[in-house]
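2 protein chains.
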Amino acid sequence: MSAQVNVVLLGLGVVGGGVAGALNERAETYSSRVGATLNLCRVLVRDAEKERSVKIGPGLLTVRPEDALSGDVDIVVELMGGEHPAYELIKDSLSRGRYVVTANKEVMAKHGPELLALAAEKGVDILYEASVGGGIPIISPLKRDLSANEISSVRAIINGTTNYILTRMSRDGLDFATALAQAQELGYAEADPTNDIDGHDAAYKLAILASLAFHTRVGPDDVYREGIGGLAPRDFLYARELGYAIKLLAVARREDSTVQARVHPTLLPEDELLAKVDGALNAVQIEGDLTGRILLQGAGAGSLPTTSAVMADVLDAARAVVQDGRPFPWRHTAELSIRPLAELVTRYYIRLGVADRPGVLAGIARAFGDHGVSIASVIQKETDEAAQTAELVIMTHPAREDAVQATLLELRDLPEVVSVGNLLRVDG
Amino acid sequence: MSAQVNVVLLGLGVVGGGVAGALNERAETYSSRVGATLNLCRVLVRDAEKERSVKIGPGLLTVRPEDALSGDVDIVVELMGGEHPAYELIKDSLSRGRYVVTANKEVMAKHGPELLALAAEKGVDILYEASVGGGIPIISPLKRDLSANEISSVRAIINGTTNYILTRMSRDGLDFATALAQAQELGYAEADPTNDIDGHDAAYKLAILASLAFHTRVGPDDVYREGIGGLAPRDFLYARELGYAIKLLAVARREDSTVQARVHPTLLPEDELLAKVDGALNAVQIEGDLTGRILLQGAGAGSLPTTSAVMADVLDAARAVVQDGRPFPWRHTAELSIRPLAELVTRYYIRLGVADRPGVLAGIARAFGDHGVSIASVIQKETDEAAQTAELVIMTHPAREDAVQATLLELRDLPEVVSVGNLLRVDG
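Line by line, the protein sequences give chains A and B. Straight run, no breaks: the first sequence in numbering that gives the first Met the number 0 ends on number 427. Straight run, no breaks: the second sequence in numbering that gives the first Met the number 0 ends on number 427.
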């Protein structure tokens with residue numbers, strides 16, 4: 000029990016503070032669980048003078064990366080976020096044969112395969128449980144517990160900010176701007192919310208999950224992505240009338256030797272478990288050919304849940320250091336191609352503003368028919384008598400994305416179509 | 000990639016057949032995922048002549064344990080079930096320095112600490128993901144992903160047979176005997192269903208989960224246990240009227256240096272996620288001080304889901320064999336005492352048959368009051384005019400179990416009380 004494992008922390012923000020706090024306050028417990036003392040030996044910060052709620056021993060703080068990483072270091076915990084310089088510091092740490100624990104979804108989504116290969120080459124590991132789903136075990140179940148399965152799909156609500164906003168829009172009828180402003184007030188959304196609301200964050204996470212689930216390389220650019228900014232409160236009303244919730248769903252599906260990965264607002268049947276995941280919760284549903292559907296749910300963000308995931312990886316790395324183990328390298332054993340969105344076949348919800356006069360529907364229906372898109376139902380909504388316009392909500396039968404997009408192009412040119420509102424895809 | 004890992008299978012029933020099938024059909028995939036060929040070298044069966052759906056190479060079957068375990072064996076997969084001779088064969092295998100993978104909840108619940116210690120001593124491991132929750136990752140998340148947390152509670156629906164029966168009773172108003180008979184017809188319940196319906200199976204699994212969650216030793220005898228045979232269809236009606244579902248809940252809670260573990264029919268608020276886990280599904284909710292509440296849900300039994308868990312452990316053990324790694328031993332670092340059921344404080348649902356005449360309630364209420372048990376609501380149900388009896392459903396405020404039991408004893412002696420029906424505890 001006298002072994003000591005030296006840990007360096009890069010970043011002391013919300014999560015970094017949580018990790019430093021856990022290392023301080025739980026030293027004895029953690030030491031009993033790994034058979035070694037975890038010694039926080041240096042912390043890289045931007046401003047060494049800043050007041051902090053977590054107590055860090057004198058002389059541990061540094062603003063110089065080269066100081067932070069010098070000397071006898073076993074585990075580097077990267078919690079800076081963003082691509083640079085995190086990527087370079089991780090690479091440097093692995094190159095020097097150190098274990099790396101990171102919560103950095105952007106770096107792992109963009110550079111995961113390279114960093115995993117480098118770790119394997121150096122006989123260490125890079126662990127990134129905290130990069131997806133906060134405190135929910137998800138990376139490790141995919142790497143280990145489901146490894147006997149061929150996984151056919153991953154469907155996930157993995158961005159708490161957008162799920163909070165969508166829940167408020169759905170429950171309280173708020174418009175997007177108001178829901179966003181309230182999310183910002185409550186700390187659920189950042190001052191610049193682009194990364195979340197445009198779906199970048201979810202796309203990074205989905206790329207990570209899909210790469211693991213399908214044992215292949217899926218990068219963030221392979222993920223089709225649409226944000227939630229275009230949703231109107233009445234989309235939620237109409238969807239509910241049709242029996243659906245609207246969620247920013249991240250979906251990756253394997254078909255033969257192809258993968259399709261996409262993040263966009265999605266209509267989910269109301270009785271599905273994922274449709275009921277509200278507020279800042281996250282949930283991931285995985286379908287394996289042996290295990291069937293499993294659902295993992297919990298807090299997807301926040302200092303403590305993310306600390307739980309980071310520290311699980313730190314303890315795991317510490318055990319490997321103590322045992323002098325050589326971690327088993329993760330293998331991307333498949334080379335699947337990315338199936339373009341154009342080939343997606345699903346049902347679609349389409350909201351149109353149209354002239355409110357006889358014969359309009361015939362022209363619209365003809366446009367759908369011409370492209371082989373079959374209409375399942377049409378509901379006329381919200382007639383504006385002054386403007387002589389009405390709103391139509393059309394649900395299609397399963398159709399190909401490219402056919403639906405071609406239909407929309409044609410609809411835009413029809414004189415009776417005033418506006419082409421939202422197109423939302425159905426899943427499940 | 001030329002390494003070979005020798006696997007012996009003990010048992011070729013429903014799960015054993017699934018595992019043998021997976022090893023046969025997925026040989027190439029698994030070999031690419033562990034960097035070695037998994038070689039099924041012997042299978043212990045009861046009857047070597049029996050017709051089987053899974054193809055096993057000639058000469059691999061044996062009915063003699065000593066033959067099955069002889070020679071160069073790396074991993075022993077025990078899928079016989081029952082305490083003996085499984086326990087002895089596992090012990091023998093570990094003693095000889097072999098990895099053991101088992102789905103045996105009874106052996107792990109009764110002998111887990113001893114077998115884990117033996118594995119550690121021999122520098123190998125005993126893996127038992129399949130012993131709880133079928134294909135749901137749960138053992139490994141507790142051992143690894145949540146290891147930075149202090150866990151305060153585990154609440155679980157971990158017996159598919161009883162959950163199927165309760166779901167049928169609740170949805171279709173069936174009585175217990177009919178629901179059980181239908182479960183048996185459909186293969187959800189065994190010919191002798193005692194192990195499931197009396198809660199033994201769930202108690203074994205809870206002992207395993209509690210031991211891991213609290214890093215202490217909780218044996219099956221430490222788990223308070225009640226089965227579902229005493230539930231009547233109208234209990235489900237009354238519960239629903241009060242806003243509850245009835246589930247066979249397995250609960251383990253830590254308080255200071257004590258643990259309370261119990262398996263009994265439980266009233267769960269209808270809006271709780273666990274209340275909605277129906278049919279043969281399983282779900283485990285874990286509350287950690289860092290991660291908050293997480294929920295893991297999926298198929299809790301069946302050949303393929305259990306095969307998924309067994310094979311995940313086999314692949315993990317194979318990686319350790321290939322890497323010549325020394326697994327990190329699991330440590331029971333805490334010595335918590337078992338808190339007796341008498342000290343439980345919760346709300347109670349009590350169904351009483353009483354004489355239908357004035358003044359009856361006063362006498363009953365006095366008995367509760369005498370023991371300091373405060374009544375939250377009383378509903379009078381189902382008056383039988385011929386017999387001049389009525390049924391009362393009483394919900395208490397939070398009260399101590401021993402006070403409630405003393406109340407019931409007194410009620411039994413009251414002339415106006417015809418029968419003391421069900422006592423059900425509320426959780427959540």
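Any given hint might turn out to be false.
Just so you know, same-sequence chains aren't split out, so a pair can sit in one copy or run between any two.
[What the hints assert, rightly or not] SDA-like, lysine to any residue: derived pairs with alpha carbons at most 20 angstroms apart:
id, residue 1, residue 2
1, 49, 16
2, 90, 302
3, 121, 318
4, 49, 110
No lab work stands behind these hints: they were computed from the structure.
Do the hints match the structure? See the list:
1. For a Cα distance limit of 20 angstroms, the shortest separation of residue 49 from residue 16 inside one copy, 13 angstroms, qualifies, whereas the shortest one across copies, 62 angstroms, does not.
2. In this assembly of identical chains, the alpha carbons of residue 90 and residue 302 never lie at most 20 angstroms apart, being 25 angstroms within a copy and 43 angstroms across copies at closest.
3. In this assembly of identical chains, the alpha carbons of residue 121 and residue 318 lie at most 20 angstroms apart whether taken from the same copy (17 angstroms) or from different copies (18 angstroms).
4. Proximity of residue 49 and residue 110 under a CA criterion of 20 angstroms is satisfied in neither setting, with 32 angstroms inside one chain copy and 53 angstroms between copies.
Violated hints, in rising order: 2 and 4; the structure is consistent with all others.
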